[in-house]
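Produce the entire structure from the sequences given, and follow the hints as far as they go.
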Amino acid sequence: MSFFRRPDYRSDTTNFINDLKQQKPELDKQQQAGRALLWDKDVNYEVWEDLRAGRVEQQPYVYQTNHS
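First residue of the sequence shown? That's 1 in this note's numbering, and the numbers climb one at a time after it.
Hints are computed from structural coordinates only; laboratory data are not their basis.
A portion of the hints provided could be inaccurate.
FRET-style restraints, in silico, Cβ to Cβ [stated by the list, open to error]:
| hint | residue 1 | residue 2 | range |
| --- | --- | --- | --- |
| 1 | F16 | L38 | 21 to 29 Å |
| 2 | D40 | Q64 | 38 to 46 Å |
| 3 | R6 | D50 | 55 to 63 Å |
| 4 | R35 | Q59 | 31 to 39 Å |
| 5 | K29 | R55 | 53 to 61 Å |
| 6 | E49 | D19 | 44 to 52 Å |
| 7 | E49 | F4 | 51 to 59 Å |
| 8 | T13 | L37 | 21 to 29 Å |
Nothing here was measured: the structure is a model prediction, and the numbers come from that model.
Where is the CB? At the ideal position from N, CA and C, for every residue including glycine.
Dropping the structure here:
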């Protein structure tokens with residue numbers, strides 16, 4: 001054992017999450033399903049390039065008009 005080794009420390013937050021996962025074992029699958037619903041999407045790069053090509057540059061001062 002090393003002289004500088006500190007005792008194992010677990011924060012209150014870590015203890016809370018571990019206790020929550022023990023109480024609700026289905027929590028990980030629910031989180032993964034929620035992530036798949038909102039974030040894990042297949043990207044159609046052809047459509048993405050078309051959207052970028054049709055983009056109009058914004059003026060430096062958006063409230064200024066070109067009318068005299």
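Hints and how they fare:
1. Evaluation of the 21 to 29 Å hint for F16 and L38 yields a pass: the beta carbon distance comes to about 24 Å.
2. Between D40 and Q64 the Cβ separation comes to about 42 Å, which falls inside the hinted range of 38 to 46 Å.
3. The hinted window of 55 to 63 Å between R6 and D50 holds, with their beta carbons roughly 57 Å apart.
4. Against the hinted window of 31 to 39 Å, the Cβ-Cβ separation of R35 and Q59 comes to about 38 Å, which satisfies the hint.
5. Taken as a hint, the range 53 to 61 Å is violated for the pair K29 and R55, whose Cβ atoms sit roughly 39 Å apart.
6. The beta-carbon spacing between E49 and D19, approximately 48 Å, falls within the hinted interval of 44 to 52 Å.
7. Our hint of 51 to 59 Å for E49 and F4 holds, since their Cβ atoms are close to 56 Å apart.
8. The hint said 21 to 29 Å for the Cβ distance between T13 and L37, and at roughly 26 Å that hint holds.
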